[in-house]
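Novice: Residues per chain are reported as follows:
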Amino acid sequence: MDTSKIERNGKIYMLAYDQGLEHGPSQDFNDINVDPNFIMNLAVAGDASCVALQYGIAKRFYTEEFKSKVPLILKLNGKTKLNSDNYLAANIANIEDAVNLGAVGIGFTINPGQTEEHIAFEKFSLLRREAEKAGLITVLWAYARGPEISNPHAKEIVSYAARVGAELGADVLKVKYTGDPESFSWVVKSAAGSKVIASGTDNFGEDYIGDVSKMLTSKAHGIAVGRRIWQDSDAVNLSKRLADVVYNS
Amino acid sequence: MDTSKIERNGKIYMLAYDQGLEHGPSQDFNDINVDPNFIMNLAVAGDASCVALQYGIAKRFYTEEFKSKVPLILKLNGKTKLNSDNYLAANIANIEDAVNLGAVGIGFTINPGQTEEHIAFEKFSLLRREAEKAGLITVLWAYARGPEISNPHAKEIVSYAARVGAELGADVLKVKYTGDPESFSWVVKSAAGSKVIASGTDNFGEDYIGDVSKMLTSKAHGIAVGRRIWQDSDAVNLSKRLADVVYNS
Amino acid sequence: MDTSKIERNGKIYMLAYDQGLEHGPSQDFNDINVDPNFIMNLAVAGDASCVALQYGIAKRFYTEEFKSKVPLILKLNGKTKLNSDNYLAANIANIEDAVNLGAVGIGFTINPGQTEEHIAFEKFSLLRREAEKAGLITVLWAYARGPEISNPHAKEIVSYAARVGAELGADVLKVKYTGDPESFSWVVKSAAGSKVIASGTDNFGEDYIGDVSKMLTSKAHGIAVGRRIWQDSDAVNLSKRLADVVYNS
Amino acid sequence: MDTSKIERNGKIYMLAYDQGLEHGPSQDFNDINVDPNFIMNLAVAGDASCVALQYGIAKRFYTEEFKSKVPLILKLNGKTKLNSDNYLAANIANIEDAVNLGAVGIGFTINPGQTEEHIAFEKFSLLRREAEKAGLITVLWAYARGPEISNPHAKEIVSYAARVGAELGADVLKVKYTGDPESFSWVVKSAAGSKVIASGTDNFGEDYIGDVSKMLTSKAHGIAVGRRIWQDSDAVNLSKRLADVVYNS
Amino acid sequence: MDTSKIERNGKIYMLAYDQGLEHGPSQDFNDINVDPNFIMNLAVAGDASCVALQYGIAKRFYTEEFKSKVPLILKLNGKTKLNSDNYLAANIANIEDAVNLGAVGIGFTINPGQTEEHIAFEKFSLLRREAEKAGLITVLWAYARGPEISNPHAKEIVSYAARVGAELGADVLKVKYTGDPESFSWVVKSAAGSKVIASGTDNFGEDYIGDVSKMLTSKAHGIAVGRRIWQDSDAVNLSKRLADVVYNS
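Chains as they are written, first to last, in our numbering: chain R, 25 to 273; chain H, 25 to 273; chain P, 25 to 273; chain D, 25 to 273; chain U, 25 to 273.
Hints are computed from structural coordinates only; laboratory data are not their basis. Every value quoted in this text rests on a predicted model; they were computed, and no experiment measured them. Wrong hints could be hidden among the right ones.
Note: identical chains are not told apart, hence a pair may lie in one copy or across any two.
As the list claims (entries may be wrong) - Below, a list of computed lysine to aspartate or glutamate pairs in the DMTMM-like style, where the Cα atoms sit at most 20 Å apart:
(1) K147 with E120
(2) K179 with E46
(3) K243 with D26
(4) K105 with E180
Full structure from sequences and hints, please.
Specialist: Here's what the structure looks like:
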């Protein structure tokens with residue numbers, strides 16, 4: 025699948041806003057960013073190459089105005105953090121929803137290593153087939169997780185998650201950053217042509233823009249970030265600086 | 025979805041009567057209110073903006089006479105309290121049933137935090153898609169519940185449940201009242217445009233009408249109440265007073 | 025749904041013969057009543073207003089001769105008693121089968137209070153919708169059962185089971201007899217218009233006909249009985265006496 | 025369903041060859057009978073009235089030559105004995121397969137008393153309905169099994185399994201032999217018109233032909249046998265002797 | 025099904041490359057063989073009669089160029105090794121995918137002896153039926169595995185797995201090598217006409233080519249091998265030597 029619709033200069037900077045479901049509003053949001061309109065405007069003003077939303081938020085806030093300004097990745101599954109035994113995400117939207125909302129792609133989380141990983145693999149595969157027919161880009165949140173995974177940022181683990189996503193046929197893989205570009209380049213190779221973007225919060229230090237710049241030397245295709253941008257007091261400016269590094273490195 | 029069909033003056037007062045399934049007749053009912061006709065007449069005389077019923081009751085008692093007088097929200101799932109391990113509700117009616125009965129909307133319970141919360145999320149999402157096509161309003165009973173939730177009325181918990189409902193794409197969210205309008209206003213903000221109505225029994229004090237009036241300063245869109253109204257010895261009068269506060273505050 | 029097809033004088037006397045599956049032949053049957061033809065002839069000669077059979081028995085023994093003489097309720101689910109952990113009944117026939125066999129209604133067992141009660145509720149609801157379309161009467165065997173139910177004949181429990189059946193939309197509810205007409209009248213009220221028939225073996229004493237007569241003062245619509253009739257040495261006569269009391273009380 | 029296609033003189037002698045899946049080749053087979061062609065030729069030369077095979081064997085060995093010589097019952101489910109916790113059989117073929125292979129009937133195993141017996145009951149019922157439409161005879165391997173069944177050959181247990189099969193609507197029931205014709209006649213009565221054939225290995229003694237002859241005085245309709253025939257050094261001759269007793273007793 | 029499309033001289037040498045999903049990239053891959061293009065070129069230059077890939081790799085690397093040079097078996101299911109409790113593989117592609125990618129056959133793993141073996145048996149049977157209609161060869165990875173299987177290479181166990189695959193109707197069975205041609209010939213006989221190929225890593229010694237040559241005296245139809253070839257420093261040469269032995273023994 026051609027992924028250029030969510031790229032600028034061949035690179036991806038996805039502004040992610042699925043934390044309302046995954047973490048709850050009180051953990052990540054304040055009176056400003058709890059409002060999806062703030063995020064939509066930030067995505068445009070901050071030069072993100074795409075935005076990721078869950079169904080209900082997209083239905084209400086991804087209006088005609090924004091369709092021409094920032095492409096949408098509709099996240100199709102999710103779960104809360106209210107029960108630590110809940111390792112299975114629900115499908116809360118489908119391909120028809122994505123098409124109706126004007127999305128150019130779909131997002132889906134898998135957790136290789138999770139007990140019953142196969143359920144998510146099968147759900148994704150059904151959606152992947154339909155997405156291909158509908159001309160939608162497929163983006164996997166591929167995070168290894170489970171009782172036998174002690175370090176989800178380890179090179180062997182992140183590269184395994186990336187390879188799983190590649191074998192499942194996703195176009196883009198959102199994975200944990202291993203922390204250094206050398207190990208992350210093995211992740212990129214393991215992805216076998218699927219484009220790798222780093223999940224942009226963990227394992228980046230205080231010199232955020234500088235660290236992202238280093239990460240991109242691994243030949244990764246970009247970054248997906250949320251809180252680190254929209255919790256910033258000068259979010260638009262930070263976003264533009266990040267975009268500049270991603271698109272021009 | 026336009027929710028004006030279940031509103032008066034932009035506000036919602038839903039008279040709920042699903043306690044027969046949820047609690048059993050002997051807990052909540054007496055010789056008068058065990059009869060659904062009593063409730064139907066109360067809804068009309070007491071100025072409720074809509075009524076919520078399960079399938080079997082609606083089929084028999086939501087007659088032509090009432091279709092022109094009070095709009096119906098058909099509750100689609102439910103469970104008994106006869107087994108404390110039963111945390112999964114059954115789908116007992118569907119969109120076709122709702123349309124056949126003349127409902128203007130559907131009701132559905134989710135329990136974020138419950139083990140296997142994903143099952144209810146997926147069931148709702150399937151119904152939500154069909155409801156949108158059929159032009160039915162979607163109302164979620166969004167109550168966080170589960171082994172790790174100690175206080176289901178806490179601001180962080182109620183706002184989380186509301187946000188889940190919003191991300192799932194419901195039009196209206198029936199949530200627990202946090203007990204004060206300040207914290208409840210965070211719930212309303214977290215709902216990101218989904219309309220919030222308070223579940224009208226818990227956390228309201230002896231000055232019921234006064235407490236509801238205070239709750240509405242949170243910018244919530246109304247209230248859903250059952251026992252507190254139809255167990256009252258002067259139910260019609262109490263209902264009319266409540267309606268007056270909801271529609272005119 | 026109009027239930028007059030299984031009534032005489034507005035009352036129901038159902039002869040039930042599903043014990044072969046539920047209890048096994050050696051517990052309830054002898055060389056005479058093990059033969060379904062004996063039961064079919066008894067239903068006719070003994071003035072039953074309908075007969076309840078499982079699929080295999082109905083297919084072979086509900087012949088053209090009987091279709092004009094006694095209406096059939098086809099029981100759609102069941103289970104054996106060979107494993108006390110088996111609380112889930114199987115669907116062994118469907119609406120198409122019922123129509124093909126000439127049934128006027130379907131029977132289905134639910135056990136509110138059972139772990140995974142929701143599975144049976146959902147199965148019934150799917151069948152209920154199809155039955156309505158096919159013009160078939162729906163009869164629920166609504167027996168509360170489960171780890172937290174100590175007395176399945178208690179007023180609170182039987183009325184709860186009846187209310188569940190009513191909310192699920194069944195036309196007729198076969199419930200346990202509470203043992204006295206006063207408490208049973210609460211069951212009838214809780215059924216909210218669904219017709220209540222007593223399961224005719226438990227809680228009736230030695231003066232069987234007299235006790236049934238008393239039960240009917242509760243405004244119940246009749247009785248369903250099996251062993252108590254066809255194990256009797258003069259089954260036809262007992263059945264006619266019972267029918268007389270049911271239809272004329 | 026007319027069962028005459030698998031009968032001779034109104035009796036059934038089924039040669040069963042599903043042990044490869046159920047027991048593994050090394051337990052029951054030798055260099056001769058491991059070859060399905062040996063079995064096919066034996067069925068013809070040995071006068072069996074039908075043969076029972078799993079899908080893969082039938083696809084390759086039930087050739088045009090044999091279609092005119094011996095009718096096929098296609099076994100539709102099965103499991104291995106490699107895991108004693110595996111009590112659920114898989115559906116490995118369906119009605120379409122049976123029709124494509126030229127089968128006149130289907131075989132299916134149920135284990136009343138097994139935990140989750142309902143799964144097999146439901147699977148069979150779906151197949152039974154389709155088989156009726158396709159004009160295929162239904163044969164149930166009805167063996168009671170499970171944690172509460174101490175003696176699967178007891179009269180009460182075998183008759184229960186037979187009754188279950190009859191209520192499920194099977195045409196022919198393959199059941200354990202109780203060991204004597206008196207008790208087995210109760211099994212035949214309990215089957216309520218479904219034809220009973222004895223599983224021909226257990227509970228028959230050294231005078232095999234004589235014991236089968238006695239068994240048939242119970243009014244059973246025949247026998248199904250496998251190892252006892254094709255492990256014999258003079259298998260064709262033994263098979264012909266058995267056939268003679270079955271068809272002419 | 026005619027299997028000649030994946031054969032040369034009536035024999036099969038399948039180059040398998042599904043280790044990325046099954047073992048993870050860091051266990052089996054290096055900077056060279058992590059690239060699927062290396063494998064594709066090796067398959068051609070090394071005279072493999074077919075190659076086995078998972079969906080995502082095939083979609084991206086099984087280009088038009090290769091379609092005319094080496095036939096594809098699309099592996100349809102798989103799982104990671106990140107959770108030792110995960111014994112259920114996911115279906116990650118289907119028959120439609122296989123046809124779209126230009127595959128001539130499908131691959132599928134079953135583990136007889138595994139708890140819930142029935143799930144994979146049923147999944148395969150559904151795919152097998154569709155594959156037959158689409159004219160695709162079916163290849164089963166038939167490896168007995170589970171809590172009661174101590175030696176998965178034992179003659180009794182490998183022959184059982186082969187027989188299961190044969191009864192399920194697969195065209196080709198990829199099984200563990202028992203270690204000697206005598207015992208392996210029992211496996212071949214047990215396969216009842218399904219073609220047996222040895223899984224080419226375990227139980228072959230340092231004289232790999234010689235050992236494979238001995239194995240083939242069992243009348244097996246070939247070999248499937250991966251790491252042992254593409255981890256070799258002179259992979260093309262080793263592959264050609266292996267091909268020569270397989271096709272000409």
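Novice: State for each hint whether it applies.
Specialist: Hint check results:
1. K147 with E120: Classified as both: same-chain Cα gap 15 Å, cross-chain 16 Å, threshold 20 Å.
2. K179 with E46: Only across copies: K179 and E46 sit 17 Å apart there, 25 Å inside one copy, limit 20 Å.
3. K243 with D26: Within one copy only: 18 Å inside a chain, 45 Å across chains, cut-off 20 Å.
4. K105 with E180: For K105 and E180, the Cα distance is within 20 Å only across copies (12 Å; inside one copy 26 Å).
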